[in-house]
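S.K.: Chain by chain, the residues:
Protein chains: 6
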Amino acid sequence: MNVSAMNWSQVEAWLQQDDRAILPLGSTEQHAGLSLSVDSILSHKLAIDAAEPTGVPVFPVVPYGLTPYFLGFPGTVSLRVDTYARVIRDILDCLATSGFRRILIVNGHGGNLPSHAVALEWMADHPDVQVRFHNWYNAPKVFAKVQEIDPVASHASWMENFPWTRLEGVAMPPEQKPMIDTAHMRLLSPAKLRAYLGDGNFGGYYQRPDAEMLAIWEVAIAETRELLEGPWA
Amino acid sequence: MNVSAMNWSQVEAWLQQDDRAILPLGSTEQHAGLSLSVDSILSHKLAIDAAEPTGVPVFPVVPYGLTPYFLGFPGTVSLRVDTYARVIRDILDCLATSGFRRILIVNGHGGNLPSHAVALEWMADHPDVQVRFHNWYNAPKVFAKVQEIDPVASHASWMENFPWTRLEGVAMPPEQKPMIDTAHMRLLSPAKLRAYLGDGNFGGYYQRPDAEMLAIWEVAIAETRELLEGPWA
Amino acid sequence: MNVSAMNWSQVEAWLQQDDRAILPLGSTEQHAGLSLSVDSILSHKLAIDAAEPTGVPVFPVVPYGLTPYFLGFPGTVSLRVDTYARVIRDILDCLATSGFRRILIVNGHGGNLPSHAVALEWMADHPDVQVRFHNWYNAPKVFAKVQEIDPVASHASWMENFPWTRLEGVAMPPEQKPMIDTAHMRLLSPAKLRAYLGDGNFGGYYQRPDAEMLAIWEVAIAETRELLEGPWA
Amino acid sequence: MNVSAMNWSQVEAWLQQDDRAILPLGSTEQHAGLSLSVDSILSHKLAIDAAEPTGVPVFPVVPYGLTPYFLGFPGTVSLRVDTYARVIRDILDCLATSGFRRILIVNGHGGNLPSHAVALEWMADHPDVQVRFHNWYNAPKVFAKVQEIDPVASHASWMENFPWTRLEGVAMPPEQKPMIDTAHMRLLSPAKLRAYLGDGNFGGYYQRPDAEMLAIWEVAIAETRELLEGPWA
Amino acid sequence: MNVSAMNWSQVEAWLQQDDRAILPLGSTEQHAGLSLSVDSILSHKLAIDAAEPTGVPVFPVVPYGLTPYFLGFPGTVSLRVDTYARVIRDILDCLATSGFRRILIVNGHGGNLPSHAVALEWMADHPDVQVRFHNWYNAPKVFAKVQEIDPVASHASWMENFPWTRLEGVAMPPEQKPMIDTAHMRLLSPAKLRAYLGDGNFGGYYQRPDAEMLAIWEVAIAETRELLEGPWA
Amino acid sequence: MNVSAMNWSQVEAWLQQDDRAILPLGSTEQHAGLSLSVDSILSHKLAIDAAEPTGVPVFPVVPYGLTPYFLGFPGTVSLRVDTYARVIRDILDCLATSGFRRILIVNGHGGNLPSHAVALEWMADHPDVQVRFHNWYNAPKVFAKVQEIDPVASHASWMENFPWTRLEGVAMPPEQKPMIDTAHMRLLSPAKLRAYLGDGNFGGYYQRPDAEMLAIWEVAIAETRELLEGPWA
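Protein chains in written order, with this note's numbering: chain A, 1 to 233; chain B, 1001 to 1233; chain C, 2001 to 2233; chain D, 3001 to 3233; chain E, 4001 to 4233; chain F, 5001 to 5233.
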C-alpha cells in the first residue's frame, strides 16, 4: 500500500499485525528517449503492484541515486556515495523506530548497489531487523524472461520502455542499436561517455510490443511478491 | 514541467533557451488523518502548477526531510541534518553541472529550513548560480489568505487538507481543535510529543470547504510563479 | 554565572541543586562600523546578565557561526553547515554528560538557525534533556521594543550599536540608510553582496541614544530570564 | 613492481615513461580454517604477479574492507561504508597527484564493491584519469576455470585455499560441505550468521590438489595482466 | 589587535599592508581549582599581548577543543576529532578568503594537537598560505623558564595559575602534589581518571609567587612575538 | 603472532585466555633512497618481533597514514585527517567486538599522531577497553640508543635504514647530510618542501653499520614488549 495514501494511524494499525515494509530506490538519470525518472517509476510502481494484495506499506521512492557517469547528460542528478549511504541509513533507522522489522528494498538502478552494503552494515548494528535487497531488473526470473524475449537488452533499451516510462510525443528509433562495449564505457569521463553513447541507449531495440512488456511486468510482480512473502529468516 | 515527463534531450533543449529549474522539498511525516506525504504532495504539485505556463523543469520532490520530533508517530521518516545538507548540496551541484543557473526551491515543510542555509553556503561556492528559497505555505500572500479565511490554522489542520492530500474513507473530526502550546511542544521528546499532540493536528478545524482551499491554492500558484518569473539578481 | 569564572567543582556543586545551563551562540562577521564580534558579544553578555540572579552557568560563546554570504567582507569567518551541526551536537553531548538537563541556547545570529534543527534532532536522541532555543534579537518582546523605538532597524544598524559593540574612535554616519531589498540580497554571491551592501548596514540609522539601547537591553534581559525560569516541560 | 620495494625516485622515473599503477584491495575476515588475510594476500600477490613483466608499481594492499556480516567471527575487522569510500578517494587523489593516469584496482573481496562506485564517482571528478575495477575472483576467465574444476566453490572453500593462504598445522576437513542458502544468509545478524555458517565455509571441499590451484592462478595472472595491458580508453 | 575590537574595514585596511593573523585555540576543561577556561584565557591573552606592538589581528579564541579524557569532571566540553578538524579547516578557509597568507596558531591545550595535522593538510591544499603552529606552553623558552623556576609543573598546577586564570574566593592547597603517572593515566576511562586525579592537578604546587608567573608570561610573549615576526618561508 | 598467519578460531582460542592485541600503523611516503613503506615495514615487523614470545595477535599494519607535506614526492599517499580518524575508530570498534580489551598501537610515523587523539576519544566511549599508544621510534629507550650511536639522525637518515627497509641495488650517499631547518620546513607547500629537501633525508648519514641498527632494533623490541606486558590499568 502506498504510504502516501496512508496516515500515521493506519501505519500504526498495520504494525499491530505485521512488521513488513518496502522501500523503493530510484534514480534521476538519462534513459535515452524515455523519462529521466525511469528507475524511480519502475521500482515504485513495482513495489506498489507487488504489495497490492498484502497491504504492506510502500514508502516513497528515493528519487535520487548514484549515477556519476551520466552527468554529461542534462537532467541527471547523482548523489555522492557517502550522502547516499547516510540517506539509506537514516531511512532504515526511522523505519525501525516506527516498528518495522522486515524491510524489502526494491532497487531500480544498478548504480545504487552500495546501498546493499549499507543495508548489510546497518543490519549488523540492528540484529533484530531484516533487510532484503532486491534488484528487480536483473533478478533471476525477470532476467530469464527478458532473455527469452530478446537477449539484446540493456539500459534505456526496450526493456525499460513500459507504458509508464515512455513519453507522449517522443518517437522511438525503429532500429536495433548495437551493444556498447561495457568495459570501455567504464573508463570514460562523463563528457566522453556522452559522446560515446550518443542517445544513451546501451544497445538493443528501443521498443517492443506492449504484450511482451506486460508479460515481463507480471513476472517482476510475482518475483518481488515472493520475496515479500518470504520465508524471512 | 515535470522532469519525470521529460527525457534528457528535452532538458538540454530547454537549457538552450532558459536556465531556470525548480526543486521541491517535501517530508514523510504525520499529518493527523491526512496523508503522510502532505508536504511532498503539496510542494511538488505547487511547483508543477506554478511552472505550467513557463515550461520550467520541476525536478522530483525530495520526499524525506527533517522531522525528528515526529518520530513517535509511525510512518514518519527523518533524515539527519548533515545527511540532508549533503543531499541538497549534491542535487544543486548536479543541477549546476546540467547548466541551470537560477533554481527555485519550493519547500513544503518548516523543519527543512536548514536547507536554506545550505543553499546560501552553496551559492557562496558557486557565485554564478542563484538559488531562491521559497517556503510556500507561509509566504506573505498565502499566509494572508489563510488568515483571511480562518486564523486558527496550523500543521495538519484544515490548511493542509486539500483534495489531493486527504485520504479516501478517512473521516475528519468536525470540531475545532484548540491550538497547542508551541513553546511547550518544542521541549518534548518524540514520545512525549506524541502523547501531547494526540492525533497530530496542532490546532484548528480539520477541514474547510473546497472552495476556500482552491482559493488558497490559486494564491499559492500566483505567488510561486511570481518568484519564478523574477526579477532574479 | 560565567563558566570562565568557575572551576569544575563549582559546576558540580551547581548540578547537585539545579540542572540548567546556557549556551550562547555568536558569529564573527561584518557589522558595518561595529565590532566583527557583535553577535558573540551580545549573546554572551545577554546570557550572563539574564542568568545573573539565578547562578545558572553560562558556557563560552561559540564565536564562529554560519555566515557564508558575508565572506566578501574581510574578517568574516563562516563554518560549514555540517561543521556547525557537529559542534552543536558535541557540546550538547558534553553538557548532558556533565549532568545538565535543561539547556537554554541564546542565539545572536539569524544565520545560525540550523542549530535549532540540530538541537531538535539531538533532543530526539536524548529524550531526558530539554533544549530551549532563543533568538534573543527577534523574540516577541525585544522585537516590539525595537519597533516602538524605530521600525527601520536591521543588521548592523543602530539596533546592534550598544556601548559594548561599538568601537572606540569609529564615527558612525549620521544619516538613515534606506532599507536594502532582502529578497534581492539573498540571490547575490559574496562579492556582489559586498558591492550591493556598501558598508554592510542593511538599513536604518547607525546609532541612537544610549537610553534607548539600554531600554532594549532591559527588555532582552527580562525576556531571556523568563525563558530560563520556565516553565520547562 | 611492489611499491614497498621502490623508493620515490624510482616511482618518479617510472612516471616519466608510463602512467599505470595497481591498487589491490583486501579484507581481514574469517575464511574458515584459512588465513584471516586471504583476500589481502590474494589480491596483493596477484597484482604483483600480473605486473611482474611490466614494471607497473603495485601499491600496498588496503588490508581492511567491508565485511560487517562476519563480525561474529573473532579477528574480523570491517570498516564503515563511508570510511571506506573516503579511503579509496584519498588514495586515488594521491595517485593522481603523483602523476598516475591509469589505475587498475584489483579487488579480492565481494563486500568491497562500493569501492567501484566510489571509483566511478571519483573519475567523474577527475576526467583525465581512468580507473579500471577488477574483481579477480569472479572475472570471466577465472570463473570459468573454477567451474571447470569444481562448480561447488565459494567463500572459504577450496577455491581460496592456495599454498599462500593456508596455515601451517591447520588440517582441512576432508568432506564437501553443502552449499549454504545465500538468500537466507543475507538476512542474518552477525551472531546468527556465525551460528548458521559453522566454520565459515559457504560450501564445497576445503582443499583440492595444488596443481588445480596453480592452474587457476595462472588464469588469474593472465586475465589481470590483460586488463593492465589494455586497451585503456 | 583583538578582532573583536575591529570592524571589517579595519581588517581590510590591515590586509592592504600586511597578511598576518593569529588564531588562538583554547579548551573548556577541568583545571582543578582554576577556571574551566584556563586554556582559552591563556592562548587568547598571550596572542593579544604578543601581537600588541605589531597590530596583527587576533581572531576569537576557539573555546572548545579536544579533551575526552576529562569528561568525568563536570563543566568539561570536548569536541570530536573530526568536528574539530572541520572547525580548523573552515576557519583557515575563511582567513585565506579574507586575504591572510601567514597565520600563527597559538595553541593552549595539548589535546588540540590534531589541529596541527589539519593545518599541515590544509597547507598542502593551499600552497600560497603559511600556517605556523605554536604550542606556547611547552615551546623551548617557556619550557626552560618553567623548569628554571620549578621542574615539578604540570596540568592545573602553579604553572597555569596566573592572575587571569585564578578565581576569586577559591583557596589553593598549600602543598606540592606528587606527580601522577602519565602512562597509567592514559589508559583510564573518564570515570577512572577522575577518581585517579582527585582535584585534577597532575602534580606540583598549586601556586607560586606572581613575580615568577609574570616572568614566565614575559618569556611567552617574547617567544610568541618572535614567531609572529618571522622569518616566515 | 601475525594475524595473517591465524584463522578466526585461533583468534577465538586466544581470546579465551587473554585480551591483548597489537595494531601497527604505517605510512606510504618518501624516505629518500629507502623503501616508500619504511614506516609500515618497521612498525609491523617490530610488533611481530615484540609479540613473538607472548602470542599476542598482531593485526595487519594500516599502510596509509597522514603525510600531506610529502605529496610532492611521487609514490606518497596521504589520507585526510578525518578519513584516518574513521579508519582508526572502525578498527578499534571491531577489535572490541571481537573481544579484545587491551590494545597496543605501535605507530611508525610521526604524522599519524592524531590517531592517538582518536584512540583517547574512542576510549572515553568504551570505558572497558584500554588502548596504549606507542611511537616506537622516539620512545625513551630507542631515542636514547639512537642518540648514543649518532645524535644526527632523522627522517630517512641512517636511523631508518635497516636491512629490511633498504632496497637492493640502491646505493646510499656516503656523506652526512646537514640537518634541515624543521621550523622552516613546516611552512612549506609540498612543492617547495620537495625542492627544499632534495632527496628527502632530513639530516644525518644515510647508513651506519648493521650491528648498530640491530642494537637499536633489540632496544625497540624490548621497549615495545615491556609496554605489551604491562602493567595495564
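If you're looking for bench data, these hints aren't it; they were derived computationally from the structure. Yeah, the Cβ is synthetic: ideal placement off N, Cα and C, and Gly gets one too. Hints may be right or wrong, so weigh each one.
[To be verified] For each label pair, taking beta carbons as the anchor points, the in silico distance ranges come out as:
#1 4151(E) with 5151(F): 22 to 28 Å
#2 1196(B) with 2125(C): 17 to 23 Å
#3 2185(C) with 1138(B): 58 to 64 Å
#4 1138(B) with 2125(C): 38 to 44 Å
#5 4183(E) with 2128(C): 16 to 22 Å
#6 4110(E) with 2125(C): 26 to 32 Å
S.K.: How does the Cβ-Cβ distance of residue 4110(E) and residue 2125(C) compare with 26 to 32 Å: does it lie in that range?
M.R.: Holds: the Cβ-Cβ distance is about 31 Å, inside 26 to 32 Å.
S.K.: Do residue 1196(B) and residue 2125(C) keep their Cβ atoms within the hinted range of 17 to 23 Å?
M.R.: 19 Å, holds
S.K.: Quick check on a hinted range of 38 to 44 Å for residue 1138(B) and residue 2125(C), using CB atoms only.
M.R.: Given range 38 to 44 Å: violated, Cβ gap about 28 Å.
S.K.: So does residue 2185(C) sit 58 to 64 Å from residue 1138(B), Cβ to Cβ?
M.R.: 20 Å, violated
S.K.: Do the Cβ positions of residue 4183(E) and residue 2128(C) conform to the proposed distance bound of 16 to 22 Å?
M.R.: 37 Å, violated
S.K.: For the hint 22 to 28 Å, verify it against the beta carbon of residue 4151(E) and that of residue 5151(F).
M.R.: 23 Å, holds
The structure fails hints 3, 4, 5 (numbered hints given earlier, in ascending order).
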